[in-house]
Amino acid sequence: MAEARAEIVANVWKLLTHEGAEVRERDVLAVLETMKMEIPVHAPAAGRVSSVPVAEGQIVQEGDVIAVVD
Amino acid sequence: MTSRIDETTSPAVGDVITDAPDHCHVLEQRRDDRFARVEPRGRRRHTARERAELLLDPGTFVEISPLRTAGASGSGVVIGWGSVDGHPVVVASHDAAVASGAIGAVFAETVQRAQRIAIDRGCPIVYVNDSGGARIHDGIHALHGCGGIFALNVEASRTIPQISLILGPCAGAAAYSPALTDWTIMVREQGQMFLTGPEIVKAATGEDATAEEIGGSGMHTRTSGVAHLEVDSEEEALDAARRLLSFLPSNVAAPQRVTAAVPADPAAVARLPHVVPDKSSIVFDMHEVLDGVLDAGERFEISPDHAPSVLTLLGRVDGRPVAVVANQPQARGGILDAKASVKISRFVEWAARFGLPVLTFVDVPGFLPGTVEEARGVITQGATMLRAYAEAESPVLTVVVRKAFGGAYIAMGAKSLGADFTWAWSGSEIAVMGPGGAVALLHRRALQASEDPDALRDELAADYREQVARPYLAAEAGILDDVIHADETRGRLVDALRLLAPGPVA
Chain A
1 MAEARAEIVA NVWKLLTHEG AEVRERDVLA VLETMKMEIP VHAPAAGRVS SVPVAEGQIV
61 QEGDVIAVVD
Chain B
1 MTSRIDETTS PAVGDVITDA PDHCHVLEQR RDDRFARVEP RGRRRHTARE RAELLLDPGT
61 FVEISPLRTA GASGSGVVIG WGSVDGHPVV VASHDAAVAS GAIGAVFAET VQRAQRIAID
121 RGCPIVYVND SGGARIHDGI HALHGCGGIF ALNVEASRTI PQISLILGPC AGAAAYSPAL
181 TDWTIMVREQ GQMFLTGPEI VKAATGEDAT AEEIGGSGMH TRTSGVAHLE VDSEEEALDA
241 ARRLLSFLPS NVAAPQRVTA AVPADPAAVA RLPHVVPDKS SIVFDMHEVL DGVLDAGERF
301 EISPDHAPSV LTLLGRVDGR PVAVVANQPQ ARGGILDAKA SVKISRFVEW AARFGLPVLT
361 FVDVPGFLPG TVEEARGVIT QGATMLRAYA EAESPVLTVV VRKAFGGAYI AMGAKSLGAD
421 FTWAWSGSEI AVMGPGGAVA LLHRRALQAS EDPDALRDEL AADYREQVAR PYLAAEAGIL
481 DDVIHADETR GRLVDALRLL APGPVA
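Line by line, the protein sequences give chains A and B.
For what it's worth, this note's numbering labels the leading residue of the first sequence as 1, then goes sequentially.
For what it's worth, this note's numbering labels the leading residue of the second sequence as 1, then goes sequentially.
This is chain A alone, in the form it adopts within the complex (with noise of 0.2 Å):
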């Protein structure tokens, strides 16, 4: 198991993935936005995601984590 995690606060701009998609290692699974910035959130490791615990225009701490990818 392997959790992207929010490496900043920030505001969940974009959601890339969904509960059963298949990704490769560094595959971009959501997009935050901070500071005017869009930080891509990359997959930790290549499988199939487990769990999305964030929606759209959800504000997360550093940390938090974004997907779990099996």
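Mixed in with the good hints, there may be bad ones.
Restricting the straight-line Cα-Cα distance to at most 27 Å, the calculated cross-link-like pairs of lysine-lysine (BS3-like) are [what the hints assert, rightly or not]: (1) K36(A) with K14(A); (2) K14(A) with K279(B); (3) K279(B) with K36(A); (4) K415(B) with K36(A).
No lab work stands behind these hints, which were simulated from the structure alone.
Knowing the structure of chain A, use the given hints to seat chain B on it.
Only chain B this time, still in chain A's reference frame:
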């Protein structure tokens, strides 16, 4: 097998002397007794003496007081000198085979001897650390000795480079001394730094944690920032120390290590005008900018994994060693925060002390605001950046490549803090805040009253970008020295360094 002392300079050492007088045999026996105690243990690959030899140019290591003892054992540390790329370097290498490298009174006195020689001769010192900390049996004498090492660390930091390698578990004083030196390099899964190891932690607080969790290289090079580079082996650590030294003068008064100029990588130069995305919110890799500007060849990045929204690295321009500071948009948008501020200020203060020109490449959205950063003391940490640039006496050259807003504009080596020359790329923006935030503040009522606030916001932001944030205003006011094309950057830096760098103009 250890080559104890280089054969070319000391041909008799280690040889069997059959027809020599008895006293020669006695000396050989003493040396054999001393060297027999230094077999590497655990994950270690080399003895303390071999580490010193591998650090230095082949055959140049000269050991000081190899027969020194502390009671029944050796002093626990191998000291001596030799050269790196032909320049004198002093080394102190802990011998973990003697009481786990514990720092007793004699050990401390021996390290201090090495430190004193390095300070007095004005040459770098490399500490090869592999020590469990103060030797309990030596009581107050051990603590007194450790304090003496610290005091000389501080004295040395005023004039000579000090590099620490962590090649085993280093507790207490063996962790504090590296923290007083310039840069610390750790070997993955072999070197640790902590106040105390797992047993004492368990006894003191009840916390269960492994040595790696308390003080492993991953934690220290990513989270704490206590160490500055993580490598995979002893050989890599020793090589990293040599590469780092290749950028540094022997002391603060010595000449810079200027080499033949090497042009920037032609492919990177060709890409340079296209590296920065048109849309200011899209991230890019600042290394691509640096590749198109700096001399092709060796770089030495400090703390690549800690506070990665900023880069601190050594490179060359026109053959001259330079200290490069840059935002890295690819990591956390290139923002400044408390940790990034400490990373930059420590690097700038150090580089300026050794006369290295400080080159700053700016693309900063600002200081990260909010409760977490304020509680971390971002104001105090950010102020250390202002102090470091304002105090820097070496040449300071600053290039805004895309955007520079607010206090972060000032902190990234602005003209007002004493930068010698500042330039901005033609597409860049410099303002008190970015267009989005400024428009929201300045036109709040108009936006509230608008039927299509998004369209109005975009229109007002475009106006702001053109009328307030363009770099020409700064250039007209003399706050920027010029607005330039991306591919003019290297030429401007080369010309400025020829003017500003110590020594005759080429």
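Consistency of the hints with the structure:
1. Simply put, K36(A) and K14(A) have alpha-carbon atoms about 14 Å apart, close enough for the 27 Å limit, and the pair holds.
2. Only pairs whose Cα atoms come within 27 Å are accepted, and K14(A) paired with K279(B) is accepted, the gap being roughly 17 Å.
3. For the proposed pair K279(B) and K36(A), the alpha carbon gap of about 11 Å is at most 27 Å, so the pair holds.
4. Among the hinted pairs, K415(B) with K36(A) is consistent with the structure: their alpha-carbon atoms are about 25 Å apart, no more than 27 Å.
Comparing the model with each numbered hint stated earlier shows that all of them hold.
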